[in-house]
Amino acid sequence: MSNPYLIRIRDGEDYRGRKVLIKRLVHPSTVGSDKLTVSICYQNPGEEVARHHHEYEEAYFVLQGEGVMTVGDSEEFPITRYDCIYTPSNTPHWTKNTGDEPLVLLCAITPPP
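Residue 68 in the numbering used here is what sits at position 68 of the sequence shown, and the numbering runs on without skipping anything.
Simulated from the structure, these hints should not be mistaken for lab results. Among the clues, some could well be false.
Claimed, not checked - EDC-like cross-link-like pairs, simulated, lysine to aspartate or glutamate; straight-line CA separation at most 20 Å:
1. K96 x E75
2. K35 x D83
3. K23 x D11
4. K96 x E47
5. K35 x E57
6. K23 x E101
7. K35 x E47
8. K35 x E66
9. K35 x E76
10. K19 x D34
11. K96 x D73
12. K35 x D73
13. K23 x E75
14. K35 x E58
15. K35 x D100
16. K23 x D73
17. K35 x E75
18. K96 x D34
19. K96 x E48
20. K23 x E76
21. K96 x E76
22. K19 x E48
Please read all numbers here as calculations on a predicted model, not as lab measurements.
Between the sequences and the hints, there should be enough to build the whole structure, so can you do that?
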């Protein structure tokens, strides 16, 4: 079991995943978590994360910006500040920043990749 931690954004681990910057806050490599990952994902205007899926569940919370998240084969959701999107395990999904400012997402994953 991991100990409790205060993780400041500046102390997160930078990771380039799917061509976007990801700041890992709670992750096995940062605090030794084994059941949860929490990260901040940054997408610049026009950037798109390619369609992908994985074995873990994922939830996104929009902190800033706007875009479109496609979940499943074709269901598009316009997303903006304070929206939350849940993607079940093994469900294809991808995002595109359609706005003029960075799209910043809080991303929670269980279990960690």
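**Message:** Just to be careful, I want the Cα atoms of K23 and D73 compared with a cutoff of 20 Å; is the pair within it?
**Reply:** violated (28 Å)
**Request:** Would you mind confirming whether the straight-line C-alpha gap from K35 to E47 stays at or under 20 Å?
**Result:** violated (29 Å)
**20 Å limit on alpha-carbon distance, applied to hinted pair K35 and E57** = holds (11 Å)
**Message:** K35 and E58 were given as a pair; does the straight-line alpha-carbon distance stay at or below 20 Å?
**Reply:** Holds, because 12 Å separates the two Cα atoms, which is no more than 20 Å.
**Item:** 20 Å Cα cutoff - pair K19, D34
**Value:** The given pair, whose Cα atoms are some 25 Å apart, is violated under the 20 Å limit.
**Restraint check for K35 with D83, where alpha carbons must lie at most 20 Å apart** = The hint is violated at about 24 Å.
**Message:** So if I understand the rule, the pair passes when the alpha-carbon distance is 20 Å or less; does K35 with E75 pass?
**Reply:** Given that 20 Å is the threshold and the Cα spacing comes to 29 Å, the pair is violated.
**Prompt:** Does the structure keep K35 and D73 at a Cα separation of 20 Å or less?
**Reply:** violated (28 Å)
**Prompt:** Taking only the CA atoms, is the gap from K23 to D11 under or equal to 20 Å?
**Reply:** holds (9 Å)
**Given pair status - E75, K23, alpha carbons within 20 Å** = With Cα atoms ~27 Å apart, K23 and E75 exceed 20 Å; violated.
**Prompt:** Holds or violated: K96 with E76, Cα cutoff 20 Å?
**Reply:** The hint holds at about 11 Å.
**Message:** Given the hinted pair K19 and E48, is their Cα-Cα distance within 20 Å?
**Reply:** holds (8 Å)
Checked against the numbered hints given earlier, the structure breaks hints 2, 7, 8, 9, 10, 12, 13, 15, 16, 17, 18, 20 and satisfies all the rest.
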